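Enquirer: For the record, the sequence lines run as chains A and B. Mapping of the first sequence onto this note's numbering: residues 96 to 484, in sequence order. Mapping of the second sequence onto this note's numbering: residues 5 to 334, in sequence order.
Worth flagging that the hints you see were computed from the coordinates, not collected in a lab. Computed from a prediction, not measured in an experiment: that's the story for all the values here. Warning: the hint list may mix true and false statements.
Stated by the list, open to error - Reference excerpt, derived from the structure (chain A facing chain B, CB under 10 Å, subset only):
1) Met317
2) Ala330
3) Pro409
4) Leu413
5) Leu436
6) Ile445
7) Leu452
8) Val456
9) Asn466
Claimed, not checked - The calculated label-pair distances, taken between Cβ atoms and stated as ranges, are:
10) A:Thr385 to B:Leu20: 38 to 44 Å
11) A:Leu234 to B:Ala44: 40 to 46 Å
12) B:Pro126 to A:Thr239: 52 to 58 Å
For each residue, glycine too, the CB sits at the ideal point set by N, CA and C.
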Amino acid sequence: MVQPQLPQATPDDEAGTTADLATETGRSSRDVASASQRRLIWWRFRKHRLAMVGLVLLVAMYVVAAFAGFFAPFSTTTYSGEHAYHPPQVPRFSLQEGLFVHPTTGHTDPETLAPVFTPDESEHVHLRFFVHGDSYRLLGLVETDIHLFGPSEPGERWYPLGADRTGADLLSKIIYGSQISLSIGLVGVAISLLLGLLLGGISGYFGGTVDAVLQRVIELFMSIPTLPLWLGLAASVPPQWGPVPTYLMITVILSLLGWTSLARVIRGRLLQIRDEDYVLAATLDGVPTTRIIFRHMVPAFTSHIIATVSLAVPAMILSETALSFLGLGLRSPAVSWGVLLQDAQNVNVIATAPWLLLPGVAVVLAVVAFNFVGDGLRDSADPYGKRST
Amino acid sequence: MLRFTIHRILHVIPTLIAISIISFFIIQLPPGDFLTTQIASLEAQGESLDPAQLEALRVRYGIGEPFWVQYWKWISNIVLHGDFGLSFQYQRPVGGLISERLGLTVLLGLTTLVLTWAIALPAGVISAIRQHSAADYTISVLGFVALAVPNFLAALALAYIGFRFFGQSVGGLFSPEYVNAPWSLDRVLDLFGHLWIPVVVIALAGTAGIIRTTRANMLDELHKPYVTTARAKGLPEGRIIRKYPLRIALNPFVSTAGWNIPQIFDGEVIVATVLALGTTGPLLLGALRSQDMYLAGGIILIVAVLTVVGTFISDLLLAAVDPRVRFGKA
Numbered sequence: 096m097v098q099p100q101l102p103q104a105t106p107d108d109e110a111g112t113t114a115d116l117a118t119e120t121g122r123s124s125r126d127v128a129s130a131s132q133r134r135l136i137w138w139r140f141r142k143h144r145l146a147m148v149g150l151v152l153l154v155a156m157y158v159v160a161a162f163a164g165f166f167a168p169f170s171t172t173t174y175s176g177e178h179a180y181h182p183p184q185v186p187r188f189s190l191q192e193g194l195f196v197h198p199t200t201g202h203t204d205p206e207t208l209a210p211v212f213t214p215d216e217s218e219h220v221h222l223r224f225f226v227h228g229d230s231y232r233l234l235g236l237v238e239t240d241i242h243l244f245g246p247s248e249p250g251e252r253w254y255p256l257g258a259d260r261t262g263a264d265l266l267s268k269i270i271y272g273s274q275i276s277l278s279i280g281l282v283g284v285a286i287s288l289l290l291g292l293l294l295g296g297i298s299g300y301f302g303g304t305v306d307a308v309l310q311r312v313i314e315l316f317m318s319i320p321t322l323p324l325w326l327g328l329a330a331s332v333p334p335q336w337g338p339v340p341t342y343l344m345i346t347v348i349l350s351l352l353g354w355t356s357l358a359r360v361i362r363g364r365l366l367q368i369r370d371e372d373y374v375l376a377a378t379l380d381g382v383p384t385t386r387i388i389f390r391h392m393v394p395a396f397t398s399h400i401i402a403t404v405s406l407a408v409p410a411m412i413l414s415e416t417a418l419s420f421l422g423l424g425l426r427s428p429a430v431s432w433g434v435l436l437q438d439a440q441n442v443n444v445i446a447t448a449p450w451l452l453l454p455g456v457a458v459v460l461a462v463v464a465f466n467f468v469g470d471g472l473r474d475s476a477d478p479y480g481k482r483s484t
Numbered sequence: 005m006l007r008f009t010i011h012r013i014l015h016v017i018p019t020l021i022a023i024s025i026i027s028f029f030i031i032q033l034p035p036g037d038f039l040t041t042q043i044a045s046l047e048a049q050g051e052s053l054d055p056a057q058l059e060a061l062r063v064r065y066g067i068g069e070p071f072w073v074q075y076w077k078w079i080s081n082i083v084l085h086g087d088f089g090l091s092f093q094y095q096r097p098v099g100g101l102i103s104e105r106l107g108l109t110v111l112l113g114l115t116t117l118v119l120t121w122a123i124a125l126p127a128g129v130i131s132a133i134r135q136h137s138a139a140d141y142t143i144s145v146l147g148f149v150a151l152a153v154p155n156f157l158a159a160l161a162l163a164y165i166g167f168r169f170f171g172q173s174v175g176g177l178f179s180p181e182y183v184n185a186p187w188s189l190d191r192v193l194d195l196f197g198h199l200w201i202p203v204v205v206i207a208l209a210g211t212a213g214i215i216r217t218t219r220a221n222m223l224d225e226l227h228k229p230y231v232t233t234a235r236a237k238g239l240p241e242g243r244i245i246r247k248y249p250l251r252i253a254l255n256p257f258v259s260t261a262g263w264n265i266p267q268i269f270d271g272e273v274i275v276a277t278v279l280a281l282g283t284t285g286p287l288l289l290g291a292l293r294s295q296d297m298y299l300a301g302g303i304i305l306i307v308a309v310l311t312v313v314g315t316f317i318s319d320l321l322l323a324a325v326d327p328r329v330r331f332g333k334a
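Bound conformation, chain B alone (with noise of 0.2 Å):
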């Protein structure tokens, strides 16, 4: 396990550097920079920079140098003072920035994540444990449909069925009078009042394909012989799916949990700026459009990270489970 779990790390290291490189790439991409675009808006407001002051701000926020002097500065920040940079459009450092939405955004993600498992599981055993029933094809179309919902739309549908039946203020995680109040019990309730949209919304999206997963794996399993074995020697039905196929169907939910972070993050962002909610997602978007290169370069780091820790606790998770994967067997 330690050999493994090794090995593991060692893969990771190589992957979170080029990510790195990755993330710093695209936000270098949009032709011309933040200054260029603030001076073009200031201008057309009828006002003028003093050229001295131009030249100021670019040595300050080293606009005009190489990509790898750049990305050098802000890497080698990051990684020593945990100093993400300047936002341009906030003037505010960007390590404060993301921490204040951090928490919400994971604490979406997780709840999302577990609302998935919740649903996709007992579907897929049954859909299964019932093959061709009716109840297997409603699950099938059901989660054909959910696949092919964007989830904007469903977002946009369920906010508006808020909004109409239980008369529920929109956008927004909060209720008005609670956006400020310190937290309290009522607080944390009138949260999770709000969340559900957004929680139902991302999870219908994944589930479809877990569902699937599960399905076919237990079918699989359902057929060999020791479930037979099992049956012969008189175990009651239910404590047979139990014991022994229904733990190996529950593999893939260990070892997809990783891969199902950056689908999560995808949806968040979507629904989030829909809904305006107080996450990383609308920020992302509001410093992609303004080219707020360090905020969005920061925010794309910390979920790439974020995504690849989550891949590899899921691998060390199975690597647990499943002794055949620790000795490269299966």
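Isolated chain A, as found in the complex (with noise of 0.2 Å):
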């Protein structure tokens, strides 16, 4: 049985709006009338539950990518050959040992020739905070090997998210390879946004002729397919490359490519803005183009702005591993989720180690985390409007 809603009324008055605000968010209407933009944004943005928990997961991660050195067990370079396909180990507790797993020895089952790890129950290896492990270079400045968790013994292996076909960890690989992953989506609208803010705003500052080309133009680069394109794009990068030129490459291949939604975005909300009272004011009373570009239409639209990027980045972060995946993106030895993916390219590898797809589920989490901001930014984005959801 469906309810019959009953039309809401939304008033336009300003008076209106503040009493608005003011129950939602839950503060005294003086506190909304005398609050700041800024304040007014993050406070709707606080309501919006998807989205709080979305920041919390991308803040985590990107503090994981930045240290990821401390937070990986090892670094990605150690391997034991003996361990490829190790499943993955879950630690164990006992009054003496602490946590602790028991080390294994590996070899081929000559009948079916799948792996088989036997562990050794007399042995432990034993699990503590702040360990002595591989060396690596924190931010990149400071040389240290503490990891926050792992063997107490430098030199003993333990997989908590199992091992991959070279025998390396897993988990380590996962943490280093967001900082390629998270990265490249920033990196690639970063470049996207500026060709936007750049196309888009002539396009819609200029109108007439100028516009009308440039949304060809951008009309033309939506409908082609953008796969065959990024592909034919990224086989041109030199196989012999090193990974930091193919990383920036890629990431110019994508934002290339990625710019015509922004570029339109930003010249729909200019378009509208530029037609506001307050800019009409603004221009009447002899205030400098400029001037009112930077002072007057650009904080109107910021907070669209930040909302499109951040619903663009997940895109740029789905492009990459697909790309990686296929073999045309980043090549190993560097490390990033789409790279990892690559191993796991068959169903037959898939039903011996199933824990192949974790870079998967990091893409995921990362995919649905920005989604949730970017949606939560976007429904707060504009304080005094009618909330869309």
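Assembly of the complex is requested from the two constituent chains, each provided in isolation within its own frame, with the hints serving as guidance.
Expert: Put into structure tokens, the structure is as follows:
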């Protein structure tokens, strides 16, 4: 049975909106009336529960990525050949030993050719906090070998999320991979944003023929399937290039095709704001054009731009993953989530080592978190507007 | 309507020309060419090519000529003779290679489009008329997750499930016994038994966006006075929804059908590669890897043209459905 819904009154006057905001954010209307725009956006954003969850998750992920060496139990280059495709080891607890796992020895089953691991029950690998292990450079500056959690003796192996094809720890690889996977979206979107702001701004501010031509170009870009273009462009990156130039090249390729939607949003907002009364008032007061743009128009649409950008980042992360997965993006020894997923190319491998799909779970988490945050920002970007949900 | 149609056709032509230039530019980008790749691999095997023979091959493929000369040769052959050139790798005409696989690609695309709509439309409508209900939140969260799962991951997971629990052969669109069999009812059924994995995977990724648009549109329309009027007249609620707001909320379906095609093709390349389907996607990937430029260019061109034509058709449909579009008012 469908409940009939009564049309809701939407008050347009200032007092009504302030009252709405007050009840919505649970604050007195005097607070709301005197709060800055940024504060209003933040209050409204905090009410969006999923967005807050997403924000916390994102902050945690970026902190882990920034201090990857500290959070990862091992470095990406240490491996143990006999532990290839080792299944995940859950730590056990006893009062005498504390947290521990049993060390294992691996061999191949002569009949099924499947890897078999036999734990040595008499030995213990003790797991402790702040242990010494592989050395790394914290934030690229400080040389150290302290790890948050791991085997107490350097050289001992522990596979919290299993091992990959070479016998390296998958958790460490996922943590190091987040550095590339999480940053490629930001860098790519920054380049797209620059292009989008420039071209969308020109298009929206000047209008007329310039606008018409740019709109045709954008439509052209949007009507071509992006993946073949990416593949074609990515195939032109020479395989002998090092990881850093390849990384930059892939980012540029992703953003070259990603600026179109941003440019459209920026143009739309500019056209809308250009006709607002306060812009007209500023013009009549003889305010110079550049000041109108930067003092009056830009603040009015930054929040929308931030929301659009935060929705564009996950698309970039997915694209990098797909390109690397197909073998046309980053290549090992670079470690990104897409590169890690290359190991999980076919069902037979997944049948023996399902944990190889875990980098994919990391991708999903990051993308969902970004989408939640972006959605929350979009809802709260215009504090005086009607709530869109 | 005629004026509008002619106007749109005039817009399509320059787009098509630009797309063909871009396609050709892309396949020219990789350093070196197919011959140098071939020579390198032959030399790696300890063989060598006669320079005269090499020169003959160069002339035959038109390698080393300026960009515009090569482009003109390529496009004029396609437009005038329907000749897409020769695939270096397969030593066969590109046209034949593509047409063998294009049917399956189109079938996959159309099935996906239908499934996307079949899921997205009811879901969008339900989450709008039951706003803030459990169903609304479930649909929203599921939509977000579907948007976030990379489609190759979903394909791998479903293929694994199909393999593990239903004993399905993995990869390909046919069971082994039907691959070379003539068409029959059993073969068609077998095809659909395999088709569901790629279709579900590609369709799911596309639904999230459409659900959100439908929901937003329905919410806008549901509070308009004409709905209140209909309700005041005592029309049953289901009939009100079906007759009035739904019709307007349907517009974006028609207008976004064209934009969906590139997205579906993108999904198809990845999913078909993972599942080893006999469609154009894996062919394109292989061609790009071995720098088989006429094959790659041919596929990119055909897909882009299909997209432009699809967008054109959906624009016409939208104009037919909504008169405001025809007169440039909306």
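Enquirer: Determine for every hint whether it applies to the structure shown.
Expert: Hint check results:
1. Met317: Result: holds, 7 Å to nearest chain B Cβ.
2. Ala330: Cβ of Ala330 of chain A sits 5 Å from chain B, so the hint holds.
3. Pro409: Check passed: Cβ of Pro409 of chain A comes within 7 Å of chain B, closer than 10 Å.
4. Leu413: It holds, given that the least Cβ distance between Leu413 of chain A and chain B is near 6 Å, below 10 Å.
5. Leu436: Check passed: Cβ of Leu436 of chain A comes within 7 Å of chain B, closer than 10 Å.
6. Ile445: holds, 5 Å
7. Leu452: At 7 Å from the nearest chain B Cβ, Leu452 of chain A passes the 10 Å test, so the hint holds.
8. Val456: holds, 9 Å
9. Asn466: Holds - the Cβ of Asn466 of chain A comes within 10 Å of chain B, reaching about 5 Å at its closest.
10. A:Thr385 to B:Leu20: 38 to 44 Å: 41 Å Cβ-Cβ, so the 38 to 44 Å window holds.
11. A:Leu234 to B:Ala44: 40 to 46 Å: Since Leu234 of chain A and Ala44 of chain B have Cβ atoms about 42 Å apart, the given range 40 to 46 Å holds.
12. B:Pro126 to A:Thr239: 52 to 58 Å: With a Cβ separation near 57 Å, Pro126 of chain B and Thr239 of chain A satisfy 52 to 58 Å, so the hint holds.
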